[in-house]
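**Student:** Taken in sequence, the protein lines are chains A and B.
Here UniProt numbering is used: position 114 in the first sequence is 114, and no number is missing along the way.
Here UniProt numbering is used: position 48 in the second sequence is 48, and no number is missing along the way.
Be aware that a few hints might be false.
Said to hold, decoys possible - Using 30 angstroms as the maximum straight-line C-alpha spacing, the simulated BS3-like pairs for lysine-lysine come out as follows:
| id | chain 1 | residue 1 | chain 2 | residue 2 |
| --- | --- | --- | --- | --- |
| 1 | A | K219 | B | K6 |
| 2 | A | K301 | A | K325 |
| 3 | B | K15 | A | K212 |
| 4 | A | K277 | A | K51 |
| 5 | B | K6 | A | K55 |
| 6 | B | K39 | A | K73 |
| 7 | B | K26 | A | K230 |
| 8 | B | K36 | B | K26 |
As the list claims (entries may be wrong) - Okay, the calculated beta carbon distance ranges per label pair:
| id | chain 1 | residue 1 | chain 2 | residue 2 | range |
| --- | --- | --- | --- | --- | --- |
| 9 | A | G280 | B | K39 | 43 to 53 angstroms |
| 10 | B | K39 | A | S114 | 40 to 50 angstroms |
| 11 | B | T8 | A | N156 | 42 to 52 angstroms |
| 12 | B | S42 | A | G280 | 37 to 47 angstroms |
Because the hints were derived from the structure by calculation, they are not lab data.
Predicted, not measured: the structure shown is a model, and the values here were computed from it.
We put the CB at the ideal spot given by N, CA and C, even for glycine.
Each chain, letter by letter, is given below.
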Amino acid sequence: MDFTNFDFDQLFGMKDDTNPLMMLIWILPIIIFIFYGQRIQLYVTSGEIKKGIKKLGGFREESRNELINYVNKHLNPKDNPEKKIDQFLDYFTIMPVDMDPNGIVEKVQHTVRSREDYTREHVKSLFSEINDVELSKTQTLLEIASSLQMIHKIINHMFLTAKKQNNYPLILPLQMILPFIMEQAEAMKEAIPVFKRGQPVGDGIGPMVVGKMMLHSPKEIVAFQTAVAKTEFESRKLFLLKAEGPGSTVGRPADALESIISENKLDAIIMIDAALKMEGEDSASVARGFGAAIGGIGTEKFHIEAIATKKQIPIFSIVVKQSVKEAITLMTKEIADQADDVRLQVYEMIRENTKEGQSVAIIGVGNTVGVPQ
Amino acid sequence: MFSKEKITIAYTIEKCEGCGIQKKRKFAEGDVLFSKISKCNSCDGDTVIDKIFGETIEQ
C-alpha cells in the first residue's frame, strides 16, 4: 500500500467535487469541541483526579488502621480506643482572626499549643501507663492520620463541587496542585512505619549533630521537651540546645533560648536544620547562611528573631538540603553521612564568628525521633 | 508500567569510640542513636550506635 499517495484535496478541499462525508470528518469534531470542549476536558481531568482521591482515601484508611493497630498491640489501652481516635482525627484548628495583625503570633501560638496540650492529655487518658516517648510517637501518628483525613476531605470537596456545577475552571487549580498534594500525602504515609519504630527522620539531622556534641556533658531540661547542655570549646562557652529525644518532638527552642538569655549573655546563635531542596539541587548538600533556620508555623522563628534583634545577636545557619519525603521518612545514608561534616562546620563557624571568652548558643532544629542527647 | 518496586531497608552503624571500627547491621527494634551497645572486640572501648539510616533498593 502506498501511504504517500494521499489526496489532501479530498480531505480538506472545499471544491464543488469534494465529498461531503469527507468534509464532515473534520468539521464535526470542530463543532463538537466548540460546544462541548470544556465538558470533555472536565471528564478527562476528572478521571485523573478521581484516581488521586481514591489513593488519598486509601492513605487515610491505612494511616487510621496503622494507628489503631499500633495502639492496640503496643500500648495496652484501657478500653477500645477506636471511638476516641476517630474523634481526634476529626479535630480542626481555627486560626485566629488576622484583620488586626497586632499580637497575631501570640494568638497563633496559643491556639496551636492548646491543641497540642489537649491532644497530649487526652491521648494519655486512653492508657493506664504510657511513657513520654510512646506518648510523643502516638501523638505524631495521630497528627499524620488527622492530616491525611483533612487532605482527603478538602480535595474531595473541591472535586465534587466542580463536578456538581460542571465547572471546568474550578477543577483546573485542583489538577495543578494535585501532584504536590500527592507527594506530601505519600511522604506522610511512608512516615508512619518510621515513627512507629522510632527511627530518625531526615529532619532529625539538626538534633543528630547537636545531640552528638552534647553526649559527654550534663544535660538539663530548659523548656518543655527541650534539653540544654553547657560545654566549652576553645575558650568559648557553648549552650547546646535540642528537642528532648528520643521521642518524636521538635521541642520549644524559642522558650529555651529565652531562658538561657535571661541568665547569660550570648554573642552568637548557630542554628542547624534540614531545608527543602530546590529541584535540581543535590540531596544532602550542605549550605551556610544567615538568619533563623527553623520551619513550622512561624511562631518559634518569630520569637528567636525577636530575642536576637532585641539583644543584637547575629544568627548563623547551616542547613542540609532534602526533599519533603526525605525530611519526614527514614533518614537516608547521604543525609546521615553529612552529620560529621556539619559538626566540623559548626566548630569552624564558632571559630570564625566568635572570640575567646564569648558565648554561643547552638540549636539543633527538627524532629528528634530516635535521636537522644 | 514497568517501574520496579522500591523497598527501603533500615541499617544501624555501630562504631567503637576507641579505635573507630565500624560495623553495619540491620536495624533492630529499640535502636536509638548514641546508645552504648557493647565492648569493642579489638580495643575494649565502648561501641555506640553512630548512625541509623535507610537504603532503598529496587526489586
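**Student:** Next, verify each hint and record whether it holds.
**Tutor:** Right, here's what the structure says about each hint:
no., hint, result
1, K219/A / K6/B, "40 angstroms, violated"
2, K301/A / K325/A, "23 angstroms, holds"
3, K15/B / K212/A, "13 angstroms, holds"
4, K277/A / K51/A, "28 angstroms, holds"
5, K6/B / K55/A, "18 angstroms, holds"
6, K39/B / K73/A, "33 angstroms, violated"
7, K26/B / K230/A, "34 angstroms, violated"
8, K36/B / K26/B, "16 angstroms, holds"
9, G280/A / K39/B: 43 to 53 angstroms, "47 angstroms, holds"
10, K39/B / S114/A: 40 to 50 angstroms, "48 angstroms, holds"
11, T8/B / N156/A: 42 to 52 angstroms, "30 angstroms, violated"
12, S42/B / G280/A: 37 to 47 angstroms, "44 angstroms, holds"
When the structure is compared with the earlier hints, violations turn up for hints 1, 6, 7, 11 and for no others.
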